[in-house]
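Going down the list, the protein sequences come from chains A and B. Under the working numbering, the first residue of the first sequence is numbered 1, with each subsequent residue one higher. Under the working numbering, the first residue of the second sequence is numbered 1001, with each subsequent residue one higher.
None of these hints come from the bench; they were simulated from the model. Beta carbons: idealized from backbone N, C-alpha and C, even for Gly. Keep in mind that the hints are not guaranteed to be accurate.
Claimed, not checked - Only some residues are given here: those of chain A computed to face chain B with a beta carbon under 10 Å:
hint	residue
1	ALA14
2	GLU65
3	VAL73
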Amino acid sequence: MESYIPIIVLLGIALVLALLLMSLSRLLGPFRPNTNKLNPYESGMDPVGQARERYSIGFYLVAMEFIIFDLEVVFLFPWAVKFTELGFGTFVAMVIFIIILFIGLFYTLKKGTIYFELKPSISNRT
Amino acid sequence: MAEAEVNSYVVLGAALFMLLNSAAICVYAERRIASFIQNRIGPNRVGPLGLFQPLADVVKLLLKEDVTPVQGFRTIHTIAPMIPVVTALLTVAVIPFGDGIYVTDINAGVLYLLAAASLGVYGVTLAGWASNSKYSLLGGLRAAAQMVSYELPLGMALASVVIFVGSLSVVDVAVAQENWWFVFLNPLGAVIFIIAAFAESNRTPFDLVEAEQELVGGFHTEYSSMKFGMFFLAEYMHVVINSMLITTFFFGSYHLPFAGYWLPEMSTTAKAILDITVFTGKTAFFIFLFIWVRWTIPRFKFNQVMSLGWSRLLPLSILNFIVIAAILFAINA
């Protein structure tokens, strides 16, 4: 556990540094707010409505895909460290595991999970 | 090894100092190299050859007004710029700069690097969301989708390195490359890692997060003053960090090519100086590569970025991993 102490020290230094930079600009900069300045910037147009509206479902799907495949990567790491000692059986098991995930990947790709094309897409099919 | 066990806190201080300075040098280098490539002069007024330009930029940023949009989420808007800076600084803890010259050697170093790298997404996404501007929101969403997608090939490329080393400690990765750099043993993994590193640090050709033509400033449209400066700082620190990671994992860390075969024994001090020089030289080359690519290759479209990540790089990196595993297994068994 002792080897983690420098990391905690580093985290402390990094946080202090970030806070320092942040507060310096607060202290040194002017503060003269007005309505135009505080409005969101939309290239000179008056902003219409809120920005927190609905957005493409594609982003959610990408996030869901990411969780599945990131877990796969996490599963691979411990095996990759000691794979020669674990023997042939685990090797075959790992290949089967990766093949199953490969099938899943190609299924979702064919289904159009990461479909950000500009052609008529799922969202236009009302 | 580890004869030259330098006090880790000395290394920590030196590394932090160098990292912060290198971000400033990087800004200057980027502008000078850009102007060289585009046949311009570039910044040359502040100090000799314009060397004090980054300093002048920082002073200007500090003296500017700090604006938070009226309907923005004030707390998150303030916290968001700190996240990428802190995570970029955190990565430096496990990178070895020479034989026995490192801050700390944890047995899960590679996982720690992956974890610290993936935390950077939060800063960009929260910044986009908290600004209450449509440009920022789109920039933040793109950043989240892109950085998340390229983390998978990045992780797989790292796994294909770990399989050679048999340890998750970054110091062991560096030591294992004394004779053969991993770029010779695993060239496809190196290419995938470099592409993913470009995408992770949001640099051209993957800088859709801040594409000027469509999104004004992207996720930092509503940021001013040093809050913007911190995103800027973090971007260049990520360039430096990613260059260090490319060097550490694929280009022999602090070793000269095939050093184990021909490099004579030398005193500890001479070896330390040589190691740090070699490491810095390689890192500087990859920083130059980042800048070179930025001013040479135009930006992709978003759908191209996503399909490159998911339907090309990810299957390729998994195949690369499993083929290398099979070959190593056949050799060892």
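Here is what the structure says about each hint:
no. : hint  : verdict
1   : ALA14 : holds (4 Å)
2   : GLU65 : holds (7 Å)
3   : VAL73 : holds (4 Å)
Against the hints set out earlier in the document, no violation occurs for any number.
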